[in-house]
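Q: So the sequences go chain by chain: A and B. Position one of the first sequence corresponds to residue 1 (my numbering), numbered consecutively onward. Position one of the second sequence corresponds to residue 115 (my numbering), numbered consecutively onward.
Treat the hints as calculated values from the structure; they're not laboratory data. Among the hints, erroneous ones may be present.
Said to hold, decoys possible - Straight-line C-alpha distance at most 20 Å; calculated EDC-like pairs for lysine to aspartate or glutamate:
no.	chain 1	residue 1	chain 2	residue 2
1	B	K192	B	E176
2	B	K182	B	D144
3	A	K101	B	E125
4	B	K192	B	D171
5	A	K49	A	E71
6	A	K101	B	E128
7	A	K49	A	E15
8	A	K101	B	D170
9	A	K101	A	D85
10	B	K192	B	E158
11	A	K49	B	E197
12	A	K58	B	D216
13	A	K101	B	D144
14	A	K58	B	E125
15	B	K138	B	E128
16	B	K138	B	E125
17	B	K192	B	E125
18	B	K192	B	D177
19	B	K192	B	E128
What the hints assert, rightly or not - Among the chain B residues that face chain A by a calculated CB cut under 10 Å, a handful are:
no.	residue
20	V126
21	M129
22	G156
23	L159
24	F179
25	P195
26	S201
27	A202
28	F205
29	A207
30	D216
31	Q218
32	Y219
33	G221
34	V228
Ideal Cβ placement from N, Cα and C applies to all residues, glycine included.
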Amino acid sequence: AQSVTQLGSHVSVSEGALVLLRCNYSSSVPPYLFWYVQYPNQGLQLLLKYTSAATLVKGINGFEAEFKKSETSFHLTKPSAHMSDAAEYFCAVRVGQGAQKLVFGQGTRLTINP
Amino acid sequence: DAGVIQSPRHEVTEMGQEVTLRCKPISGHDYLFWYRQTMMRGLELLIYFNNNVPIDDSGMPEDRFSAKMPNASFSTLKIQPSEPRDSAVYFCASSGLGARTDTQYFGPGTRLTVL
Chain A
1 AQSVTQLGSH VSVSEGALVL LRCNYSSSVP PYLFWYVQYP NQGLQLLLKY
51 TSAATLVKGI NGFEAEFKKS ETSFHLTKPS AHMSDAAEYF CAVRVGQGAQ
101 KLVFGQGTRL TINP
Chain B
115 DAGVIQSPRH EVTEMGQEVT LRCKPISGHD YLFWYRQTMM RGLELLIYFN
165 NNVPIDDSGM PEDRFSAKMP NASFSTLKIQ PSEPRDSAVY FCASSGLGAR
215 TDTQYFGPGT RLTVL
């Protein structure tokens with residue numbers, strides 16, 4: 001069964017520092033992977049998605065993620081953190097080929113220190 | 115497009131009362147999802163519909179929960195009777211429409227408090 005594991009429920013970085021949020025997946029089929037962001041008191045919105053094309057995926061707000069099959073990872077990065085990046089981030093994997101159901105990780109809360 | 119619309123945004127009720135949450139998906143989307151988010155359990159998929167038909171309700175916690183989708187533009191999630199442990203944020207999401215079928219668009223959520 002498809003699943004994702006996010007390493008670290010809380011990550012804290014200084015403004016301007018590198019952001020790295022970790023996600024490992026488990027999937028019996030080529031995975032479709034997603035990163036969503038949730039700002040306080042809002043719903044989730046898509047940051048980026050991997051759908052078996054380029055392994056380096058660029059998303060909104062300067063975020064990107066690299067799909068590494070050998071490591072079963074899909075880590076999210078941003079070169080320079082901004083205060084507005086403070087939010088909760090969720091990694092997700094699509095369940096089954098052609099399916100619409102997503103399985104989400106537990107989330108990582110990102111805090112930005114001034 | 116207005117996005118996914120949920121109502122009410124906040125609901126406070128007493129234990130034993132019936133609660134109805136409402137969702138209007140994005141026009142043209144043919145999948146609709148109901149999620150529940152709590153600190154303890156994170157984001158859980160409760161049920162999802164395709165073309166108004168329930169496909170997977172394995173996440174519905176118990177018989178007190180029911181969901182319907184009478185037409186393509188409206189869905190409800192009902193809890194009867196409500197209990198304090200049902201307190202959570204409930205999200206509705208929709209997907210579909212051509213090349214964007216993989217992306218689920220979430221509503222702002224309904225924050226439910228059961229006293």
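Q: Evaluate each hint against the coordinates.
A: Evaluation of the provided hints:
no.: 1; hint: B/K192 / B/E176; result: holds (12 Å)
no.: 2; hint: B/K182 / B/D144; result: holds (14 Å)
no.: 3; hint: A/K101 / B/E125; result: violated (27 Å)
no.: 4; hint: B/K192 / B/D171; result: holds (14 Å)
no.: 5; hint: A/K49 / A/E71; result: holds (18 Å)
no.: 6; hint: A/K101 / B/E128; result: violated (33 Å)
no.: 7; hint: A/K49 / A/E15; result: violated (25 Å)
no.: 8; hint: A/K101 / B/D170; result: holds (9 Å)
no.: 9; hint: A/K101 / A/D85; result: violated (27 Å)
no.: 10; hint: B/K192 / B/E158; result: holds (16 Å)
no.: 11; hint: A/K49 / B/E197; result: violated (37 Å)
no.: 12; hint: A/K58 / B/D216; result: holds (16 Å)
no.: 13; hint: A/K101 / B/D144; result: holds (13 Å)
no.: 14; hint: A/K58 / B/E125; result: violated (38 Å)
no.: 15; hint: B/K138 / B/E128; result: violated (26 Å)
no.: 16; hint: B/K138 / B/E125; result: holds (17 Å)
no.: 17; hint: B/K192 / B/E125; result: holds (13 Å)
no.: 18; hint: B/K192 / B/D177; result: holds (10 Å)
no.: 19; hint: B/K192 / B/E128; result: holds (15 Å)
no.: 20; hint: V126; result: violated (16 Å)
no.: 21; hint: M129; result: violated (25 Å)
no.: 22; hint: G156; result: holds (5 Å)
no.: 23; hint: L159; result: holds (7 Å)
no.: 24; hint: F179; result: violated (18 Å)
no.: 25; hint: P195; result: violated (27 Å)
no.: 26; hint: S201; result: violated (16 Å)
no.: 27; hint: A202; result: violated (14 Å)
no.: 28; hint: F205; result: holds (6 Å)
no.: 29; hint: A207; result: holds (8 Å)
no.: 30; hint: D216; result: holds (6 Å)
no.: 31; hint: Q218; result: holds (6 Å)
no.: 32; hint: Y219; result: holds (8 Å)
no.: 33; hint: G221; result: holds (5 Å)
no.: 34; hint: V228; result: violated (19 Å)
Consistency note: the structure conflicts with the earlier hints numbered 3, 6, 7, 9, 11, 14, 15, 20, 21, 24, 25, 26, 27, 34.
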